[in-house]
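Using the hints, position chain B against chain A.
Top to bottom, those sequences are chains A and B. Sequential numbering of the first sequence, starting at 11, is according to my numbering. Sequential numbering of the second sequence, starting at 11, is according to my numbering.
Hints in this document: simulated from the structure, not taken from any laboratory. Mixed in with the good hints, there may be bad ones.
Intra- or inter-copy, both count: the list cannot distinguish identical chains.
Below, a list of computed lysine-lysine pairs in the DSBU-like style, where the Cα atoms sit at most 30 Å apart [as the list claims (entries may be wrong)]:
| no. | residue 1 | residue 2 |
| --- | --- | --- |
| 1 | K226 | K14 |
| 2 | K19 | K112 |
| 3 | K252 | K218 |
| 4 | K122 | K346 |
Number of protein chains: 2
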Amino acid sequence: MDVKHYMEKLGAAARAASRQMAKASTAAKNAALLAMAADIRARQDELLAANAADVAEARAAGLEPAMLDRLTISAKSIEAMAQGLEQVAALPDPIGEISDMKYRPTGIQVGKMRVPLGVVGIIYEARPNVTADAAALCLKSGNAAILRGGKEALRCNQAIAASVRAGLKAAGLPETAVQVVETTDRAAVGHLVAMPEYVDVIVPRGGKGLIERISKEARVPVIKHLDGNCHVYIDVSADPAKALKILENAKTQRLGTCNTAESLLVARPVAESLLPILAQMLTARGVEIRGCAETQKLVPQAKAATEEDYHTEYLAAIISCKVVADVDEAIAHINKYSSAHTESIVTEDYTRAMRFLREVDSSSVMVNASTRFADGFEYGLGAEIGISTDKFHARGPVGLEGLTSQKWIVFGNGEVRG
Amino acid sequence: MDVKHYMEKLGAAARAASRQMAKASTAAKNAALLAMAADIRARQDELLAANAADVAEARAAGLEPAMLDRLTISAKSIEAMAQGLEQVAALPDPIGEISDMKYRPTGIQVGKMRVPLGVVGIIYEARPNVTADAAALCLKSGNAAILRGGKEALRCNQAIAASVRAGLKAAGLPETAVQVVETTDRAAVGHLVAMPEYVDVIVPRGGKGLIERISKEARVPVIKHLDGNCHVYIDVSADPAKALKILENAKTQRLGTCNTAESLLVARPVAESLLPILAQMLTARGVEIRGCAETQKLVPQAKAATEEDYHTEYLAAIISCKVVADVDEAIAHINKYSSAHTESIVTEDYTRAMRFLREVDSSSVMVNASTRFADGFEYGLGAEIGISTDKFHARGPVGLEGLTSQKWIVFGNGEVRG
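Chain A on its own, in the form it takes in the complex:
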């Protein structure tokens, strides 16, 4: 079978399974998740062996160390996978939720019911834990899933897929509700993203190159997470202690995450008093500062920032810095340079806090809090399939609800339209 027909076969099976999943009871979905967790624990040795074979082959092929690290699983990470499945089982089931039922003058009662999207295609790199994680979120939200992981993780993904199938079977749900693509042919991705008759949405999880390619080729909606060029703006009415604490956490708690601050804006009237203190903290923590001319005057160790710097998500010990006139310039700068992920204002001024919240066009906008909070778990979603930097459908951290939509329902009693 060629890869196109193979993908169509998976697609048709997923579409059929999605009908069963849409009506599956909460109890059956939870039973499947718990059975998967048990099966993954029981097969620990099998998973480790499959992963060891993957790692050996990837190492021989010269995979870079950071990727080898993400590919490698351990007894500990297998246990974390199992616990992740159990956590998703414990979350409330979003499906079937009826809301906003209102009587209309005609006598009908109109409202909404939350339903699954249908079939979710997940495309990710060589991280086996995503297989269990994504399967769990799709299953709990009543969707069928087609998973396409990095080719380096194929053996391990197939082993995890066997546990997923075992869990589905144990709960009386269709085993095709979660399918792992078994070909490593890159063309499989191109077909997966261009089958609107079988796939309702694509969630790519990986680097910017992967996501841009998928967005370009996709014939179905994509929930995509591009870069996180996050800003902290220190307003003229900032509490200096909060400013220091928030910037430190936002920039230095973890350098490589998408919600890490990459750019610092400081209001001119407080730049002279605050910027040197902030810069001293950054420098002490090994962070290189690239600033505007005013920054360089106040911070001797600062290098000059280029236009490119203000666009950059460093994911490294570097921060761009700019002195701005006021909140207007801060908002305009952010709306121009930001990737629309997460921004925070530090201020004690009510009106400027409210203006920043309303006018900054990013998926998360904060007052007096670290950008590092932009995360599905921190927001209380219980789980996260990704962080959307789009405005359409789901914005920011995407949990179970982001994998659903609402249809309209009408309760009538024989009413007709006049």
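Just chain B now, with coordinates in the frame of chain A:
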């Protein structure tokens, strides 16, 4: 200027205007809408003259009568346009609405704020009223809009656009918040749907051909309305009087609307008693019946239905008909053949009503009500930009809320992540 640069110029202006519109006050937006209505009334003669020139040219070019009819405006339809603008002014402003704020264990308070999508591109055929209508909905929802109407309506659209600009100016809002594309070059559409840096969403309003072309070419999300192959299912526990009344209204109240029923399903145990009565009503109203073998046995005047019939949105005095075993077969048939617009079950049985509501995968699912109710006004949205047959973002009738998204907001007090 070539058409690509022209469209980019419109796009850049729209993006800039969208920032102003996002923070515009409710009062300013309403003032603009009321000023537009007044200006449209004041320019009635100018609009009629522009339209007369459009109509004369279109008639000379051989435009078909139905399209000429939709192109033609009158003093009455100009008044309806003005009243439509006033009605949108009277609707609640969705923008800035804060919801679901909850404290998290870390001390931050997390919730959502409703915000505009940004720039909306509307592509429609030669119907001048859409120009005023779409402009109003985009403006009230805080978006900027680029409108591309059918080339036959160009003069009239430009005259309406002048009123829209006058209204924006009177309210102190940027005149570029609503721009009408002034070139009739078809390539303009191709550019409009492929500028993700300037346009956030496309709403095509028109025939299936237009929408399919746009969906294929679009590089941004599309809120699309394809066909309405709507079903009425008469369950074994249907109240015969309700069945007759609902089917009559759903099929015969208006033949050419997307929420008109195109297919009738009847449960086998009641087919013998009910189908002849239903068929008699349809025949009396001039509706041709195309049915399965069982239908033909019970209804002598029924022609044979082909597989193609069950897929067809007739928009005419024809209905397809099938006798099904039970609600399971009805749901499976609908999920296979329907265009996922609107379906209704007629039943007095609670469990089957609930199953139908949950398991039918369409944008509107009804119990004991005519499919004709699937409409933004009937649902209480106050206005409608279209009816989405997609599952992503907005599903079913799309009002102001469908032109917005929700971002996350965080109120902190200096919290950092641990």
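### List of violated hint numbers, smallest to largest
Numbers 2 and 3 - these are the hints that the structure violates, sorted from lowest upward.
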